[in-house]
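Starting from the known structure of chain A, fit chain B onto it as the hints suggest.
Protein sequences appear in the order of chains A and B.
Counting along the first sequence from 1, when you hit position 2 you're at 2 in my numbering, and nothing is skipped either side.
Counting along the second sequence from 1, when you hit position 41 you're at 41 in my numbering, and nothing is skipped either side.
Honestly, the hints are just simulated from the structure, not real lab data.
All values reported here derive from a predicted model rather than from experimental measurement.
Every residue, glycine too, gets a C-beta built ideally from N, C-alpha and C.
Be a bit skeptical, because a hint or two may be false.
[What the hints assert, rightly or not] Chain A regions said to be covered by chain B (calculated; three or more residues, Cβ under 8 Å):
1. 11-21
2. 31-44
3. 106-114
[Stated by the list, open to error] Distance windows between CB atoms, simulated:
4. B/105 to A/66: 39 to 45 Å
5. B/71 to A/40: 22 to 28 Å
6. B/30 to A/58: 18 to 24 Å
7. A/78 to B/108: 28 to 34 Å
8. B/71 to A/103: 21 to 27 Å
9. A/83 to B/59: 38 to 44 Å
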Amino acid sequence: GAGVSQSPSNKVTEKGKDVELRCDPISGHTALYWYRQSLGQGLEFLIYFQGNSAPDKSGLPSDRFSAERTGGSVSTLTIQRTQQEDSAVYLCASSPETGSSYEQYFGPGTRLTVT
Amino acid sequence: GNSVTQMEGPVTLSEEAFLTINCTYTATGYPSLFWYVQYPGEGLQLLLKATKADDKGSNKGFEATYRKETTSFHLEKGSVQVSDSAVYFCALSGLSNTGKLIFGQGTTLQVKP
Chain A
1 GAGVSQSPSN KVTEKGKDVE LRCDPISGHT ALYWYRQSLG QGLEFLIYFQ GNSAPDKSGL
61 PSDRFSAERT GGSVSTLTIQ RTQQEDSAVY LCASSPETGS SYEQYFGPGT RLTVT
Chain B
1 GNSVTQMEGP VTLSEEAFLT INCTYTATGY PSLFWYVQYP GEGLQLLLKA TKADDKGSNK
61 GFEATYRKET TSFHLEKGSV QVSDSAVYFC ALSGLSNTGK LIFGQGTTLQ VKP
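Chain A on its own, in the form it takes in the complex (with noise of 0.2 Å):
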């Protein structure tokens, strides 16, 4: 079946700009995870969704982070006014439940890039 899709594959942006970056997690995973993989920082976890419901946000580096999901699906990670510092590859991953028994599913990601 589909596996994680995430959009857009790429994204240039300039200083200042607002982005918003879109996963469509596995049918039924009802575990939603971000990650940001960048040079300088490795693999950190961002934000965490069970449903439509985000109980950890607390790897969200600032208020400029935001992100959502719907219907208990779809979830999109918005940046307001990036800085170059937020260049990083944007992960997502989904797991049909909650627990480090369950496998995550991670997505191609979306490269930002911050000019």
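Below, chain B alone, put in the same frame as chain A:
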């Protein structure tokens, strides 16, 4: 805090050589441990996992044993192939009720024919 430390790469080996990638962790509880792999141009995928002490995870000829006494989860393979060239990430989870993964920095493996 909770963290994962991996050996720095890149690791360059000849085909059929023995591979070890070291991974140690710091955790306040009893995490599950994972190895993820990222092949060139592809997304992250789970390679193997272990959920409790002394468990051994294995897949595609790779193995790792959860060592609580040394807080380690080293990845090994007896004979690497060119197709194993990838970035390998050690990770932990299970310290909160969210399932979020805490990753190491990643180790690049290059296998030469």
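Comparing the hints with the structure gives:
Taking a C-beta to C-beta cut-off of 8 Å, the segment 11-21 of chain A contributes 0 residues in contact with chain B, too few for the three needed, and the coverage statement is violated. With 6 residues carrying a beta carbon less than 8 Å from a beta carbon of chain B, the segment 31-44 of chain A meets the three-residue requirement, and the given coverage holds. Coverage of the segment 106-114 of chain A by chain B holds [criterion: at least 3 residues with CB-CB distance below 8 Å; count 4]. Restraint check, residue 105 of chain B to residue 66 of chain A: a C-beta distance of roughly 27 Å breaks the suggested window 39 to 45 Å.
Range check, residue 71 of chain B to residue 40 of chain A: Cβ separation about 25 Å, and the 22 to 28 Å hint holds. Taking the beta carbon of each, residue 30 of chain B and residue 58 of chain A are about 21 Å apart, inside 18 to 24 Å as hinted. For residue 78 of chain A and residue 108 of chain B, the Cβ-Cβ distance of about 32 Å falls inside the hinted range of 28 to 34 Å, so the restraint holds. One distance hint, 21 to 27 Å for the beta-carbon pair residue 71 of chain B and residue 103 of chain A, holds here, with the actual separation near 23 Å.
For the hinted restraint 38 to 44 Å between residue 83 of chain A and residue 59 of chain B, the CB-CB distance of approximately 39 Å keeps it satisfied.
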